[in-house]
Amino acid sequence: QKEVEQNSGPLSVPEGAIASLNCTYSDRGSQSFFWYRQYSGKSPELIMSIYSNGDKEDGRFTAQLNKASQYVSLLIRDSQPSDSATYLCAVNPHTDKLIFGTGTRLQVFP
Amino acid sequence: GAVVSQHPSWVICKSGTSVKIECRSLDFQATTMFWYRQFPKQSLMLMATSNEGSKATYEQGVEKDKFLINHASLTLSTLTVTSAHPEDSSFYICSASNPPVNTEAFFGQGTRLTVV
Numbered sequence: 004q005k006e007v008e009q010n011s012g013p014l015s016v017p018e019g020a021i022a023s024l025n026c027t028y029s030d031r032g033s034q035s036f037f038w039y040r041q042y043s044g045k046s047p048e049l050i051m052s053i054y055s056n057g058d059k060e061d062g063r064f065t066a067q068l069n070k071a072s073q074y075v076s077l078l079i080r081d082s083q084p085s086d087s088a089t090y091l092c093a094v095n096p097h098t099d100k101l102i103f104g105t106g107t108r109l110q111v112f113p
Numbered sequence: 003g004a005v006v007s008q009h010p011s012w013v014i015c016k017s018g019t020s021v022k023i024e025c026r027s028l029d030f031q032a033t034t035m036f037w038y039r040q041f042p043k044q045s046l047m048l049m050a051t052s053n054e055g056s057k058a059t060y061e062q063g064v065e066k067d068k069f070l071i072n073h074a075s076l077t078l079s080t081l082t083v084t085s086a087h088p089e090d091s092s093f094y095i096c097s098a099s100n101p102p103v104n105t106e107a108f109f110g111q112g113t114r115l116t117v118v
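Chains A and B are the protein sequences, given in the same order.
Terminal number for the first sequence in my numbering: 113, no gaps in between.
Terminal number for the second sequence in my numbering: 118, no gaps in between.
Warning: the hint list may mix true and false statements.
[To be verified] With beta-carbon atoms standing in for the labels, derived distance ranges:
(1) A:112 - B:55: 27 to 33 Å
(2) B:24 - A:12: 42 to 48 Å
(3) B:5 - A:42: 17 to 23 Å
(4) B:116 - A:32: 37 to 43 Å
(5) B:56 - A:12: 35 to 41 Å
(6) A:61 - B:118: 40 to 46 Å
(7) B:20 - A:31: 42 to 48 Å
(8) B:20 - A:20: 34 to 40 Å
[Unchecked claim] Away from chain A, derived, C-beta distances all over 12 Å, residues of chain B:
(9) 15
(10) 34
(11) 65
(12) 75
(13) 106
(14) 114
Derived by calculation from the structure, the hints in this document are not laboratory data.
Where a beta carbon is used, it is the ideal one built from N, C-alpha and C, also for glycine.
Work the whole structure out from these sequences, hints included.
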């Protein structure tokens, strides 16, 4: 079992819809969870961080964490074509090293 | 958030030569930096953890004699690809974090290496 798992996609959603990206992790002791966005040919940029169970909202983005189910998700409301990118889930299993998933490619079509 | 600067952003070199890539934390001190490699349409692959003042820790399968890492100061880590070959062509990215202020990783801009 991979430490951090994501569906590679592509996930295709129409403009204005909600995009839902999911991630599961194996280390139950993990404390910190992050979502990064990576455009083709660019380095990842941090979108959201979440540390406790529940929802965390920032603009059009909502991160959801369920430690009991070892599940973290990212919702993007009112999806725009500019949101088309690969979204990387990262987990910190209480070390200084982040473990990344393979990423989900999101395509938002007009 | 913290700023990490990577240089150069792209480099083309001849096969057999060496290339040095720099990673700097601009507004914080980073005792630990990380080096990743990413091939087209693939995920980030952690190559090594760079520790200030000590030897780097390499991931399994990464040749430490080929990918030399130096972390001589709290704001600078360098990755040298020695005797580069075309198969080393890739996107190299560094990252650093700033605990306890920030636990997330901040990435440099990445370096596109092409070996011809």
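These are the hints, each one checked on the structure:
1. A:112 - B:55: 27 to 33 Å: violated, 50 Å
2. B:24 - A:12: 42 to 48 Å: violated, 34 Å
3. B:5 - A:42: 17 to 23 Å: Holds, at about 19 Å.
4. B:116 - A:32: 37 to 43 Å: holds, 41 Å
5. B:56 - A:12: 35 to 41 Å: The hinted range 35 to 41 Å holds for residue 56 of chain B and residue 12 of chain A, with Cβ atoms some 39 Å apart.
6. A:61 - B:118: 40 to 46 Å: holds, 43 Å
7. B:20 - A:31: 42 to 48 Å: holds, 43 Å
8. B:20 - A:20: 34 to 40 Å: With Cβ atoms ~49 Å apart, the hint is violated.
9. 15: holds, 19 Å
10. 34: Its Cβ does come within 12 Å of chain A, the nearest being 5 Å, so this is violated.
11. 65: holds, 20 Å
12. 75: Residue 75 of chain B is indeed farther than 12 Å from all Cβ atoms of chain A, at 18 Å.
13. 106: Violated: least Cβ distance 5 Å, not greater than 12 Å.
14. 114: Contrary to the label, residue 114 of chain B does not stay out of reach of chain A, its closest Cβ about 8 Å off (not over 12 Å).
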